[in-house]
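Enquirer: Here the protein sequences line up with chains A and B, keeping their order.
Residue numbering for the first sequence is 1 to 113, as defined by our numbering.
Residue numbering for the second sequence is 114 to 225, as defined by our numbering.
Be aware that one or more of the hints could be misleading.
Claimed, not checked - Computed cross-link-like contacts, DSSO-like style, restricted to lysine-lysine with a CA-CA straight-line distance of at most 30 Å: (1) A:62 / B:212; (2) B:182 / A:15; (3) A:62 / A:78; (4) B:181 / B:171; (5) B:171 / B:212; (6) A:62 / A:15; (7) B:181 / B:212; (8) A:83 / A:15; (9) A:78 / B:171; (10) A:44 / B:212; (11) B:171 / B:182; (12) A:11 / A:83; (13) A:78 / B:181; (14) B:182 / B:212; (15) A:83 / A:62; (16) B:171 / A:44; (17) A:78 / A:11; (18) A:44 / A:62; (19) A:78 / A:44; (20) A:44 / A:71; (21) A:71 / B:171; (22) A:11 / B:181; (23) B:212 / A:83.
Don't read these hints as lab results, they were simulated from the structure.
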Amino acid sequence: EAGVAQSPRYKIIEKRQSVAFWCNPISGHATLYWYQQILGQGPKLLIQFQNNGVVDDSQLPKDRFSAERLKGVDSTLKIQPAKLEDSAVYLCASSLGAVTEAFFGQGTRLTVV
Amino acid sequence: AQSVTQLGSHVSVSEGALVLLRCNYSSSVPPYLFWYVQYPNQGLQLLLKYTSAATLVKGINGFEAEFKKSETSFHLTKPSAHMSDAAEYFCAVSEGAQKLVFGQGTRLTINP
């Protein structure tokens, strides 16, 4: 079965620019997550979708970050405007539902200069 | 809210030696616990999970972990380390609706 696909793999932008990341989860997976992993730290959940509804976005900096999951499949995470501290790897994961394994994509490494 | 503490940000062992990576959790309800491995420039891969069945959980690549409720621990072990085990390991806890909360990670180095 195909895994979680993310693009791009790498992105370098200047501060105050905008950027978008794309995620295609495993087919049939209802739950989709976006995590931010800063160098040397564990992944931090930004937002969790169940189908196309938001389950948890308590740690999403809503003044600059936004995410959507159209039709309960693909998802896009956007940052506008970017700050230096947004430099991190952004991981997308999906799962069938509660208490099941989350499968991770390879991530997008964002560098803000 | 649930949380995870991984003791030791860096563990170094010799090839063939025992691997022990420590994880303690905090949860207000019976938790689900996970160990993930991350190789350089890769996403996270599940090693094993505890979901309230057997307290000793066996995973891939010869790893296993034991859930100890009294100690709120879920330590990861492997009897004999291999060079290919060098990676970053993350312990994670979930309460119900699978909001995975990760620890800070432990980097495992294997010495020849």
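Enquirer: Let me make sure I understand: some of the numbered hints might not hold for this structure. Which ones are they, in numerical order?
Expert: 2, 9, 13, 21, 22
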